[in-house]
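**Q** What follows is the residue order along each chain.
Protein chains: 2
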Amino acid sequence: MAKKQRQCLIGLDIGGTKLMTVVVDEKFKVLGRFRMKTRGKGKARKGGSLFDRVVECVDGAMKETKIGPKELLGIGVGSPGPLDPKTGVIIDTPNIGWKNFPLADKLSSRFKAPVAVDNDVNLGTYGEFHFGAARGGRHVLGVFPGTGIGGGILIDGRIHHGASGAAGEIGHVVFDPEGPLCGCGQRGCLEAYAGRLPIAGQLAGLVIRGQARHLAEEAGSDLRDIRSSQIAAAIAGGDKMVEQIVRREAARIGLAAVNVVNVLSPDTVVLGGGMVEAMPRLYVEEVSRAIKENALPFLAKFVTVVATKLGDDAVAMGAAKLVAERLAENQKNGKNTRNAKKK
Amino acid sequence: MAKKQRQCLIGLDIGGTKLMTVVVDEKFKVLGRFRMKTRGKGKARKGGSLFDRVVECVDGAMKETKIGPKELLGIGVGSPGPLDPKTGVIIDTPNIGWKNFPLADKLSSRFKAPVAVDNDVNLGTYGEFHFGAARGGRHVLGVFPGTGIGGGILIDGRIHHGASGAAGEIGHVVFDPEGPLCGCGQRGCLEAYAGRLPIAGQLAGLVIRGQARHLAEEAGSDLRDIRSSQIAAAIAGGDKMVEQIVRREAARIGLAAVNVVNVLSPDTVVLGGGMVEAMPRLYVEEVSRAIKENALPFLAKFVTVVATKLGDDAVAMGAAKLVAERLAENQKNGKNTRNAKKK
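Sequence order for the protein chains is A and B.
Under this note's numbering, the first sequence has 34 at position 34, and the numbering climbs by one with no breaks.
Under this note's numbering, the second sequence has 616 at position 273, and the numbering climbs by one with no breaks.
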C-alpha cells in the first residue's frame, strides 16, 4: 500500500544554550523533537558557525522523524531579538552573535522551504496561546524569566510588534533609574533584579554565609552552577532564605506585570521559561498576588495568571504555528508559498 | 434658493469641571462650540442632574450652530471611566457620580440620534491622532496629566480597550507600592506624584516657605487656587524651585512612558491635558529626555514625543470621529443607524 505523503512543519527555538526543534504535522501533532547545544564543544565543532549548527539541527530533526524535503512545508524560527519579523533579518543579538543576519533568507534557500522568524518570547507566548496554558485568552501578556526576562504581547490573539518590531521588552521595565546595572546598559531594569543571574548572585551570598544548606550541596557559590533546577531543589529541601529571595523577585516580576495590566488590560498572563518551569506554583502565586494587590481592581479582575503547559516546547510550537499561518496567508493572497518570509 | 440640508456631528467631552461640545460637519470642520460648568451654581441649577446638564449642553450646541434634529447625524461622548465602550454604559465614575448609567441609551432616546461613548482620554488621543499632533502615527500612547493622569493607547490606529474595556491607565503605573496614597486607593501610582494636586501640594509648601514669589502672588497656598495656568505663569516669572518641582514630576511621567515604550513600542507619545497645555515645551522636553535616557535604545529611536495641537477640543473631536466611524460601520453592516451605540 502506497504511503500518503506527509506534510510537516518544523518549529525551531534558537536559545542561548540550546537549539530545539519540534516536527509537527498539519494538525500540530508532535511527530518528533531534536535538540543540540547552541555552542559546539570539541574539535569537530570549532570551525562551524551558529548558522551551520542551526542547519544541522533542522537536518537532525528531519532525519529523526524521517521526513524528506518534499514533506517539509515550512520552518518557523524563534530567535532572540531585536529582529525584523517581516523580513526575518536578525538585527542584533549580542548573546548569540548575529548582526543584520538574513536568517529567513538563508534558511529558506538552504531547505527550499518558506521560513518565518519572530522573537523567541513572542513565539513562546503564541505557542501557549494556541496549544498551552493561555488557550481561550485574547489579550495575553507572556513573561519568561530565565537568564534574561523576555516578554510577549498578544492583542486580539495576534503578536504585537509595535513600531520597532521589538515590542514586549518587559525585562527592561525600569524600577529605579539609579538601580543596579542591567545587561542592556541601562540601570534598574526588572531583569537586573529578577533575572536568573542577579538572583543567583544573592543566593551565592547565602551559600557563602552558610544560610542555604541545600543550595550549598546542590550548587555551591559559582553563579554558573546555580541553575533554576538547583534553586527549586534547594527550596523543596527547605532552604527558607532561598525561597524568600526567589519569592521577592517573583513578586517584582508581578509588579512589572501590574504596570502592563494597568496599561494593556490583558485577560491572561502566562509565565514560562526556566525559572517558572522549575517553580511554577511559586511564580504564579507571587505574580497573582501582586496583580491582585497593586493593579486597578477593575482591570485586575479580568486577569488570570497561569504557568506554561508546553514547557520547553513553547517557542518551537509557536514557531510552527507562525509559519503555518504565513503559508495560509500567502496561499490566500496567491503568493508563491516558497517565499513565506515576506508578509 | 433652497439651502442644502447640513449633516452634523456633535462631540461632547464630559469633564470633572466642564462640559464641552464641538459641532462639526461631515468633513470634521468645526462649525461651533458650546461649553458649560459640569456642576451648576445658584438656585436654577440645584435640582438638575448631571444628565440634565449634558442634555442642556447638547441643546446649547445645536442652538449655537442653528442645527435642527434632522441635521444631527450622531453624538460622540468622551466620559471618565471605567465604562463599557460597546454599550455606552458608564460603570463607575466617583468624580462625576454615575454608576451603571446607560448614557448612550439615554442620550440616544433624548436626541433620536445614534450615540457612541468612550473613555475621555482614549478619545483625546484619538482626536490628536486624526486631527492633531499625533497625525501620521500608528501605535500611539496618549498621556494627559491634569487632576488625574489619563492614558490612551492606539494600536494600528484603533483604540485599545483590553479585556476590561478600560486599558490605558498609565496614571496608575506603580512606582512604589509603599509610596504616597493615590486617589484610586493604591499606593505609589504615577498620579500620586505627578498629578496636579500632589504637585500643587509641593508648590504650596514653597509658597509658605517663601520660596516661590510669583506663585505666591498668582495663587497663594490653597491647592484649589494653584491651577495649571498659575503654575505656568510662576515658572515664566522666574520661580526656579517651582520649575524644578514640575520638571521632576514631568520626568516621572516620562519614566512611566518609558515602561510603556519598552512594552508597546509606540511611534508617537502625545501629551495633552491642562498641565501640558499650560507648559507644552517643559513636558515634551522631560518626557523625551526620559525616553531617550531610559528606554531601550532600539525601541526609543522609533518614538516621537509631541504636545497636543487640539488643546481643549481634543476629546470632543475624537468623540465626533468615533461616532462618525460607528455610523459608517453600521451602514456597512446594514444596521439601523439610529442605534450606533451597539457594535
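If you're looking for bench data, these hints aren't it; they were derived computationally from the structure.
Keep in mind that the hints are not guaranteed to be accurate.
[To be verified] Rough simulated footprint, nothing fancy, chain B against chain A, three-plus residues with beta-carbon under 8 Å: (1) 151-162; (2) 169-183; (3) 265-277.
[As the list claims (entries may be wrong)] Only part of the chain B face toward chain A is listed, based on derived beta-carbon distances under 7 Å: (4) Thr490; (5) Gly505; (6) Ser507; (7) Ala509; (8) Ile513; (9) Asp519; (10) Pro520; (11) Val601; (12) Leu639; (13) Phe641.
Glycine included, C-beta positions come from ideal geometry on N, C-alpha and C.
**Q** Each hint needs a verdict: does it hold in this structure or not?
**A** Against the structure, the hints:
no. : hint    : result
1   : 151-162 : holds (count 6)
2   : 169-183 : holds (count 6)
3   : 265-277 : holds (count 3)
4   : Thr490  : 17 Å, violated
5   : Gly505  : 2 Å, holds
6   : Ser507  : 5 Å, holds
7   : Ala509  : 6 Å, holds
8   : Ile513  : 6 Å, holds
9   : Asp519  : 9 Å, violated
10  : Pro520  : 6 Å, holds
11  : Val601  : 6 Å, holds
12  : Leu639  : 5 Å, holds
13  : Phe641  : 5 Å, holds
Violated hints, listed in ascending order, are 4, 9; each of the other numbered hints is respected by the structure.
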